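A.B. asks: Could you build all of it, start to finish, from the sequences and the hints given here?
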Amino acid sequence: MREQHSSPPVIVIGAGIVGTATAAFLAMAGTPVRLLDASAPASGATGAADGAVSVASKRPGPMMTMARAGAALYRELAGQGLFQGLFHKRPTFLVAASDAEADVLSDHSKALGEVGAPVRWLTRDGAADRLPSLTRKVVAVLEVEDEGHAIGYSIVSRLISAARLKVERYCPVASLEYEGRSGRVSGVRVGGAVIEASAVVVAAGGGAGRLIGLPDVSRPRRGQQLVTERAPGLNAALPGSLLSCSYLLSKKHEGEKADARGYGVVIDPLETGQFLIGSTREEGRTIPENDIEAVAHLAASAQEMVPALGQLRILRCFAGIRTATCDGLPMIGRMPGTENLFVAAGFEGDGICLGPLTGRIMADLVRGEEPEMDVSPFDPGRFATGSIAA
Amino acid sequence: MTAVRTFFWQGIEVPFRAGESVAAALSGANIHGFGKDNAGSQTRYFCGIGACQCCLVRVDGRTTEACLEPVHAGMIVTALEDGDA
Amino acid sequence: MREADIIVVGGGPAGVSAAVEAAKSGLSVVLCEQRPALGGAIHRQPAEGAAPVAALPSLARRWQSLSAKLSASRVEVRTRRAFVGIDSTGAVLIDDRAAGKVEVRRPRALILACGAVERVRPRPGWHLPGVAAAGGLQVMLKEGRVPEGRVLLAGSGPLLLALAAQMTAAGNPPVAVVEEGDPVSRPLAATRLLTHPFILPDMAVLMMPVLLRRFLWRRGTRLTEITQSADMLSARLRAPDGREERFEVDRIGLHDGLRANDFGLTADPPSGLVILRAGDLREVLGAHAAEADGAEAGREAAARLEGRPSCGSRSAMRRHRALQHRLSRIFAPAQGATVLRDCPDETVICRCEGRTIGHLKEQLAGPDAVSARELRLNGRFGMGACQGRFCSEWALSLMSELRRSAGVPASPPDFAETGVCRWPLRPVALSSLANAGIYDDTRTERHIEGISA
Ligand SMILES: Cc1cc2nc3c(=O)[nH]c(=O)nc-3n(C[C@H](O)[C@H](O)[C@H](O)COP(=O)(O)OP(=O)(O)OC[C@H]3O[C@@H](n4cnc5c(N)ncnc54)[C@H](O)[C@@H]3O)c2cc1C
Ligand SMILES: Cc1cc2nc3c(=O)[nH]c(=O)nc-3n(C[C@H](O)[C@H](O)[C@H](O)COP(=O)(O)OP(=O)(O)OC[C@H]3O[C@@H](n4cnc5c(N)ncnc54)[C@H](O)[C@@H]3O)c2cc1C
Ligand code: FES
Numbered sequence: 000m001r002e003q004h005s006s007p008p009v010i011v012i013g014a015g016i017v018g019t020a021t022a023a024f025l026a027m028a029g030t031p032v033r034l035l036d037a038s039a040p041a042s043g044a045t046g047a048a049d050g051a052v053s054v055a056s057k058r059p060g061p062m063m064t065m066a067r068a069g070a071a072l073y074r075e076l077a078g079q080g081l082f083q084g085l086f087h088k089r090p091t092f093l094v095a096a097s098d099a100e101a102d103v104l105s106d107h108s109k110a111l112g113e114v115g116a117p118v119r120w121l122t123r124d125g126a127a128d129r130l131p132s133l134t135r136k137v138v139a140v141l142e143v144e145d146e147g148h149a150i151g152y153s154i155v156s157r158l159i160s161a162a163r164l165k166v167e168r169y170c171p172v173a174s175l176e177y178e179g180r181s182g183r184v185s186g187v188r189v190g191g192a193v194i195e196a197s198a199v200v201v202a203a204g205g206g207a208g209r210l211i212g213l214p215d216v217s218r219p220r221r222g223q224q225l226v227t228e229r230a231p232g233l234n235a236a237l238p239g240s241l242l243s244c245s246y247l248l249s250k251k252h253e254g255e256k257a258d259a260r261g262y263g264v265v266i267d268p269l270e271t272g273q274f275l276i277g278s279t280r281e282e283g284r285t286i287p288e289n290d291i292e293a294v295a296h297l298a299a300s301a302q303e304m305v306p307a308l309g310q311l312r313i314l315r316c317f318a319g320i321r322t323a324t325c326d327g328l329p330m331i332g333r334m335p336g337t338e339n340l341f342v343a344a345g346f347e348g349d350g351i352c353l354g355p356l357t358g359r360i361m362a363d364l365v366r367g368e369e370p371e372m373d374v375s376p377f378d379p380g381r382f383a384t385g386s387i388a389a
Numbered sequence: 000m001t002a003v004r005t006f007f008w009q010g011i012e013v014p015f016r017a018g019e020s021v022a023a024a025l026s027g028a029n030i031h032g033f034g035k036d037n038a039g040s041q042t043r044y045f046c047g048i049g050a051c052q053c054c055l056v057r058v059d060g061r062t063t064e065a066c067l068e069p070v071h072a073g074m075i076v077t078a079l080e081d082g083d084a
Numbered sequence: 000m001r002e003a004d005i006i007v008v009g010g011g012p013a014g015v016s017a018a019v020e021a022a023k024s025g026l027s028v029v030l031c032e033q034r035p036a037l038g039g040a041i042h043r044q045p046a047e048g049a050a051p052v053a054a055l056p057s058l059a060r061r062w063q064s065l066s067a068k069l070s071a072s073r074v075e076v077r078t079r080r081a082f083v084g085i086d087s088t089g090a091v092l093i094d095d096r097a098a099g100k101v102e103v104r105r106p107r108a109l110i111l112a113c114g115a116v117e118r119v120r121p122r123p124g125w126h127l128p129g130v131a132a133a134g135g136l137q138v139m140l141k142e143g144r145v146p147e148g149r150v151l152l153a154g155s156g157p158l159l160l161a162l163a164a165q166m167t168a169a170g171n172p173p174v175a176v177v178e179e180g181d182p183v184s185r186p187l188a189a190t191r192l193l194t195h196p197f198i199l200p201d202m203a204v205l206m207m208p209v210l211l212r213r214f215l216w217r218r219g220t221r222l223t224e225i226t227q228s229a230d231m232l233s234a235r236l237r238a239p240d241g242r243e244e245r246f247e248v249d250r251i252g253l254h255d256g257l258r259a260n261d262f263g264l265t266a267d268p269p270s271g272l273v274i275l276r277a278g279d280l281r282e283v284l285g286a287h288a289a290e291a292d293g294a295e296a297g298r299e300a301a302a303r304l305e306g307r308p309s310c311g312s313r314s315a316m317r318r319h320r321a322l323q324h325r326l327s328r329i330f331a332p333a334q335g336a337t338v339l340r341d342c343p344d345e346t347v348i349c350r351c352e353g354r355t356i357g358h359l360k361e362q363l364a365g366p367d368a369v370s371a372r373e374l375r376l377n378g379r380f381g382m383g384a385c386q387g388r389f390c391s392e393w394a395l396s397l398m399s400e401l402r403r404s405a406g407v408p409a410s411p412p413d414f415a416e417t418g419v420c421r422w423p424l425r426p427v428a429l430s431s432l433a434n435a436g437i438y439d440d441t442r443t444e445r446h447i448e449g450i451s452a
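Residue numbers (numbering that gives the first Met the number 0), protein chains in the order written: chain A, 0 to 389; chain B, 0 to 84; chain C, 0 to 452.
Mixed in with the good hints there might be a few duds.
[To be verified] Covered stretches of chain B (chain C as the covering partner; in silico rule of three or more C-beta atoms under 8 Å from a C-beta of chain C):
id, stretch
1, 17-28
2, 41-54
3, 65-79
[What the hints assert, rightly or not] With a cut-off of at most 30 Å between alpha-carbon atoms, the simulated BS3-like pairs for lysine-lysine come out as follows:
id, chain 1, residue 1, chain 2, residue 2
4, A, K88, B, K35
5, A, K136, A, K109
6, C, K23, C, K68
7, B, K35, C, K360
Derived from the structure by calculation, the hints contain no laboratory data.
Just so you know, these numbers come straight off a predicted model, no measurement behind them.
Glycine included, every Cβ here is placed at the ideal spot set by N, Cα and C.
C.D. replies: Take a look at the structure:
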């Protein structure tokens with residue numbers, strides 16, 4: 000096919016799940032696009048995440064609403080073939096180990112009910128039946144249906160091949176180029192060269208803030224995780240992921256202290272028969288590395304929740320860096336004052352779930368079409384206008 | 000005056016020499032395939048130094064390398080495929 | 000309880016001599032070995048009642064002398080302790096398998112002497128039961144289990160002949176040694192070995208069974224395929240003139256050289272901890288070099304901890320390196336380097352995850368130029384239990400072969416790019432991690448007696 004457009008392509012900065020989905024949906028809609036990454040696809044948070052496509056773990060409010068839509072899109076794309084074999088539908092089990100946690104869970108279940116998530120309480124016997132490997136020392140278990148799991152890097156790889164994208168690797172964008180005072184960006188600067196763009200989407204995860212001139216709106220939050228060897232029998236006995244209520248709590252206390260470290264345990268049965276055990280929330284940590292204190296803590300908590308895990312061997316530990324904004328909501332939308340500059344970043348621990356949906360919304364916004372859902376709660380303008388102190 | 004010592008492989012009694020590995024003892028009994036691992040590959044002795052992970056067996060419930068694990072009298076050794084921990 | 004000043008990992012010649020030398024300074028030294036006994040690859044001790052396998056002449060008695068020095072030293076030896084990594088805070092992690100816990104230790108210096116691992120190139124059928132690494136068969140032999148039945152050894156390097164000589168002495172010579180190189184056709188290179196007189200008696204021992212025709216020595220010949228028929232293995236060989244030949248055997252030992260066992264170790268360690276590498280883990284130079292190198296590392300560690308200028312030039316290694324270069328030239332493949340991409344697509348590269356050459360080609364088929372890390376993640380090469388020790392090298396070299404043939408000018412992808420520098424270096428039981436604790440001597444009996452006294 001010959002290049003028909005005389006105008007330059009749209010440039011998407013960042014080949015994580017958000018940027019790749021944006022570029023893929025643009026390309027599939029026929030908009031010429033270039034996808035640039037400072038390193039390689041899924042080299043940021045996307046390649047070091049768990050893959051909960053989950054409403055159960057979200058905070059009530061716009062995030063929970065968007066997560067419902069995000070999970071629905073995964074189901075739709077799995078059905079249509081694009082995510083076939085990559086998205087695995089299954090429930091999430093929220094586990095309360097104390098009366099205090101059960102109270103938190105009870106409030107949470109109401110919020111989930113309000114967005115229409117199908118939830119049900121398991122009785123003690125019901126839990127023992129459905130989750131035979133779970134410790135008996137639980138106070139309450141809430142099952143949330145319509146959830147699922149997808150591996151971030153696999154989704155990215157699938158989107159790249161489906162849209163036949165050629166990712167421009169090792170291409171760090173130093174800055175955006177503005178067109179005089181016209182209120183438009185004209186391109187991006189990489190090394191000594193400027194690449195022209197008809198529009199720019201900044202989906203650069205932790206690198207986004209600096210590019211859009213808001214370096215202080217987000218901060219890094221590290222997560223350490225473990226992967227076990229394969230254990231098909233034990234894996235098959237766990238019909239969905241287990242989420243301790245301490246996870247909800249760790250998400251809630253969004254780091255009052257600069258170096259706070261939270262543990263919220265998730266046990267995820269993977270398709271390979273392995274288990275993924277996550278994860279810490281460590282404020283201000285930018286280097287994806289593991290320390291024994293955190294790993295031992297996660298291992299002990301996982302073993303407490305599912306004692307049989309103790310006998311499995313850990314093959315790998317790894318860490319990823321989430322990007323959290325100061326109000327806990329992502330930035331999704333057009334930058335105020337710059338008509339062809341868009342941003343989608345700050346997804347903290349929810350970007351796998353929200354990535355494909357965000358990509359589709361961004362593609363619509365860039366193409367001047369009405370997006371499928373209202374993203375005004377995520378308007379990046381809230382930071383730019385100074386209405387929220389960063 | 001070395002009494003014959005034995006351990007159990009898949010429920011069968013197998014003799015061994017003090018100080019040898021599970022893999023060496025199994026080899027002495029002419030047992031070379033240790034069943035399938037959890038990825039479906041045949042397990043067997045390969046590198047002998049704990050590096051290749053081809054020789055995994057279950058010893059008293061734990062997954063371990065047959066080539067590194069010293070064998071003891073009465074030890075219960077099974078193939079991985081006999082089920083998870 | 001005071002933490003040891005120096006922890007040495009690996010109880011082969013390098014580790015033992017490092018520990019002995021370091022302890023001479025009066026610093027406290029702990030030696031950790033994953034196996035139940037010391038000795039390493041070369042001085043592995045036989046099981047009770049088994050006949051010891053004669054060491055090469057140049058190595059005879061070296062071990063007695065080293066172990067005597069060790070017994071006389073104040074080194075604390077801890078067996079069945081596997082080093083599993085250094086965490087981001089500089090803690091040294093030791094898996095105490097017998098106790099079921101990971102010891103978290105904070106020495107001032109760490110000497111790594113974990114030896115080498117064998118390279119075994121993927122060939123059709125290499126993953127079949129009955130096929131082992133030749134060194135693996137040697138380990139078995141040293142433990143007192145002579146490989147039985149008809150055995151074929153194939154690949155390249157002096158280890159094949161060493162094993163063949165040991166098997167011959169133990170009463171079951173291999174049916175053939177299939178050597179890709181052709182040492183005899185390189186007389187000039189061979190005479191250069193005369194400049195290393197200490198290995199001459201070793202060479203005599205290696206060559207004796209060849210000269211006595213105790214087994215066939217097929218030189219310049221490549222094993223191209225292994226198939227299984229009934230309970231036999233069938234090996235297909237290709238001679239330099241292209242002629243093919245088949246051997247029906249019970250067992251096959253493969254060996255394509257050695258490489259340092261330094262997987263997963265980071266180049267830049269956390270600050271504060273002095274880390275030295277010694278022996279084959281630093282550079283594969285053989286047993287004599289390993290012992291000398293270990294001793295130097297031990298002295299260097301002590302010197303650095305005591306703030307003395309360190310002598311560590313490791314200059315003695317130059318001679319050993321020259322020897323290894325000569326040997327590798329003599330054993331260079333006669334039919335040129337192998338091309339992995341010519342192997343059938345079903346050939347397994349990553350045994351742990353069951354990934355083949357065909358799977359790898361699929362990953363690289365699209366228009367997008369994937370990186371080594373993406374190949375690893377999406378293709379699952381090196382994601383299994385061996386953590387890439389046996390397959391990463393081949394997956395990466397096949398990747399560059401394919402790129403080169405597609406005309407993509409790519410810098411050779413390396414291990415660092417695949418993101419595998421992390422701990423645990425070995426799979427560790429989750430319960431042992433859950434029990435991880437600061438190493439605490441009060442748990443050892445000796446100390447408890449001390450308290451009650
Ligand atoms: C431990 C952990 C567990 C998680 N678990 C889940 C989960 O279960 N469910 C869920 O939904 N989410 C989860 N997440 C969150 C999820 O991974 C992220 O929200 C999501 O991956 C963010 O995607 P992204 O595309 O915005 O950013 P990233 O994946 O970080 O991608 C940003 C990309 O931009 C590139 N870049 C940066 N700066 C520049 C520049 N100047 N020029 C060019 N390129 C640049 C980077 O190289 C990178 O590839 C988890 C995260 C972590 C760390
Ligand atoms: C299978 C094999 C056969 C060989 N045969 C010969 C031969 O015939 N002739 C020859 O000259 N050279 C041979 N070599 C080379 C030989 O390795 C060196 O000559 C010499 O033994 C190197 O000494 P080293 O101390 O560096 O390592 P090694 O002798 O290999 O000792 C390393 C020690 O470290 C231990 N170890 C490894 N990882 C860990 C860990 N994570 N935690 C705790 N302990 C660990 C091992 O169990 C081993 O005891 C062989 C090597 C191998 C692998
Ligand atoms: S044979 Fe390789 S790990 Fe045991």
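A.B. asks: The structure should be examined with respect to each hint, and the outcome stated for every one.
C.D. replies: Structure-based check of each hint:
A stretch counts as covered by a chain when three or more of its residues have a beta carbon under 8 Å from one of that chain; for the stretch 17-28 of chain B and chain C the count is 8, and the coverage holds. As drawn, the stretch 41-54 of chain B meets chain C at 12 residues by the rule of a beta-carbon pair under 8 Å; at three or more, the given contact holds. Proximity of the stretch 65-79 of chain B to chain C, defined as three or more residues with a beta carbon under 8 Å from a beta carbon of that chain, is established by the 3 residues found. At roughly 29 Å between alpha-carbon atoms, A:K88 and B:K35 fall within 30 Å of each other, so this suggested pair holds.
Distance restraint check for A:K136 and A:K109: the Cα-Cα separation of roughly 24 Å lies within the 30 Å cut-off, and the hinted pair is therefore satisfied. At most 30 Å may separate the alpha-carbon atoms for a hinted pair to count; C:K23 and C:K68 meet this at roughly 11 Å. Proximity of B:K35 to C:K360 is assessed by CA-CA distance (about 26 Å); at most 30 Å being required, the pair is judged to hold.
Of the numbered hints stated above, none is contradicted by the structure.
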